[in-house]
Amino acid sequence: MARPRAFDTEDALRRATDVFWEKGYLDASLPDLLDGMGLTRGSLYKAFKDKKSLYLMVLARYEAEAVGAAQARLTDSTVPDGRERIIGLFDALRKAVAHGDTRGCLLCSAAAGTEMSDPEIAAAVEAGLTGIRDGLTAALAASPVHAAWSEPAREALANALLTHYIGLRVLARSRLPLGIVEQAATSATRLLTMDQPPM
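52 is the number of the first residue of the sequence shown in my numbering; add one for each residue after it.
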């Protein structure tokens with residue numbers, strides 16, 4: 052009869068997330084993970100198979116929580132104007148940095164790393180960032196101004212906003228002065244003031 056696991060899987064994944072967030076995928080060694088998760092080598096391999104499988108599970112968990120929260124904000128029908136939803140998202144990012152968030156976004160950090168050379172990791176990161184882009188597109192469709200734009204024009208603007216989102220999340224890790232982050236957030240929201248799509 053198999054013995055039950057002596058640890059909570061969700062707690063172990065949360066601890067693994069902290070390690071990967073601090074060190075990145077490539078620089079997080081097995082001893083780092085064992086120490087951070089409070090597991091033995093045998094327990095880690097039995098529960099999560101290997102480092103890559105563990106990382107993919109961490110990314111999936113992060114996508115469900117963080118990306119899900121961003122999508123919920125961007126598709127919140129209680130805020131009728133989609134532009135306000137997007138402005139609220141960027142304002143939340145600015146406030147997080149102002150309150151000391153230097154971790155940024157796990158997906159955005161992964162997107163800037165060499166781990167993207169792995170097809171499975173790249174697919175997981177792409178899925179998460181696509182989820183945010185789709186949320187931005189949905190918010191633009193609920194904007195009185197942008198609803199009149201063509202679908203390709205809204206998608207182009209959503210892509211531009213996603214670029215700002217990723218940049219802001221990476222800037223949070225850079226520990227640059229807050230003014231730079233505020234200006235970047237302001238620049239993103241100014242994109243929403245265009246009455247006509249760019250030529």
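In case anyone wonders, no lab produced these hints; they're calculated from the structure. Treat the hints with care, since some could be wrong.
Stated by the list, open to error - Pairwise CB distance ranges, derived in the manner of DEER restraints:
(1) S80 / S168: 17 to 23 Å
(2) G164 / D246: 17 to 23 Å
(3) D59 / E202: 21 to 27 Å
(4) L242 / A163: 18 to 24 Å
Claimed, not checked - The list that follows gives simulated cross-link-like pairs (lysine to any residue, SDA-like), each with its CA atoms no further than 25 Å apart:
(5) K97 / P131
(6) K102 / A143
(7) K103 / R124
(8) K100 / A120
(9) K97 / E171
(10) K146 / D169
(11) K100 / A123
(12) K103 / L64
(13) K103 / A193
(14) K102 / E73
(15) K146 / E233
(16) K97 / E135
(17) K100 / Q122
(18) K146 / A79
(19) K146 / G89
(20) K146 / T165
(21) K100 / A178
(22) K146 / T188
(23) K74 / R112
(24) K97 / G119
(25) K103 / P131
(26) K74 / V221
(27) K74 / E177
(28) K74 / S194
(29) K74 / T165
(30) K146 / K103
(31) K100 / P131
(32) K146 / M167
(33) K146 / K102
(34) K102 / P131
(35) K74 / T188
(36) K100 / W72
(37) K102 / G75
(38) K100 / E61
(39) K103 / S194
(40) K146 / L242
Where is the CB? At the ideal position from N, CA and C, for every residue including glycine.
Structure-based check of each hint:
1. S80 / S168: 17 to 23 Å: For S168 against S80, whose Cβ atoms are near 19 Å apart, the range 17 to 23 Å holds.
2. G164 / D246: 17 to 23 Å: violated, 38 Å
3. D59 / E202: 21 to 27 Å: For D59 and E202 the Cβ distance comes to about 45 Å; the hint is violated.
4. L242 / A163: 18 to 24 Å: Once the Cβ atoms are compared, 22 Å apart, the range 18 to 24 Å for A163 and L242 holds.
5. K97 / P131: violated, 48 Å
6. K102 / A143: Not satisfied, since the Cα-Cα distance of roughly 32 Å exceeds 25 Å.
7. K103 / R124: Violated, at roughly 31 Å.
8. K100 / A120: violated, 29 Å
9. K97 / E171: Cα-Cα ~21 Å, so holds.
10. K146 / D169: violated, 33 Å
11. K100 / A123: violated, 32 Å
12. K103 / L64: At roughly 13 Å apart (the allowed maximum being 25 Å), L64 and K103 satisfy the hint.
13. K103 / A193: violated, 39 Å
14. K102 / E73: This hinted pair holds, its Cα atoms lying about 15 Å apart.
15. K146 / E233: holds, 9 Å
16. K97 / E135: Violated. K97 to E135 sits at ~46 Å, over the 25 Å cutoff.
17. K100 / Q122: Cα-Cα ~31 Å, so violated.
18. K146 / A79: Outside the cut-off at roughly 29 Å; violated.
19. K146 / G89: violated, 33 Å
20. K146 / T165: Given pair K146, T165 is violated - Cα atoms ~29 Å apart, limit 25 Å.
21. K100 / A178: Status holds; Cα separation ~23 Å.
22. K146 / T188: Given pair K146, T188 holds - Cα atoms ~23 Å apart, limit 25 Å.
23. K74 / R112: holds, 18 Å
24. K97 / G119: Measuring from Cα to Cα gives roughly 29 Å; hence the hint is violated.
25. K103 / P131: violated, 41 Å
26. K74 / V221: holds, 14 Å
27. K74 / E177: holds, 21 Å
28. K74 / S194: violated, 39 Å
29. K74 / T165: Holds, because 13 Å separates the two Cα atoms, which is no more than 25 Å.
30. K146 / K103: It is violated: about 33 Å lies between the C-alpha atoms, which goes past 25 Å.
31. K100 / P131: violated, 46 Å
32. K146 / M167: Measuring from Cα to Cα gives roughly 29 Å; hence the hint is violated.
33. K146 / K102: Not satisfied, since the Cα-Cα distance of roughly 33 Å exceeds 25 Å.
34. K102 / P131: violated, 43 Å
35. K74 / T188: This hinted pair is violated, its Cα atoms lying about 32 Å apart.
36. K100 / W72: holds, 20 Å
37. K102 / G75: holds, 12 Å
38. K100 / E61: holds, 16 Å
39. K103 / S194: violated, 40 Å
40. K146 / L242: holds, 20 Å
Hint compliance for this structure: hints 2, 3, 5, 6, 7, 8, 10, 11, 13, 16, 17, 18, 19, 20, 24, 25, 28, 30, 31, 32, 33, 34, 35, 39 are not met, and every other hint is.
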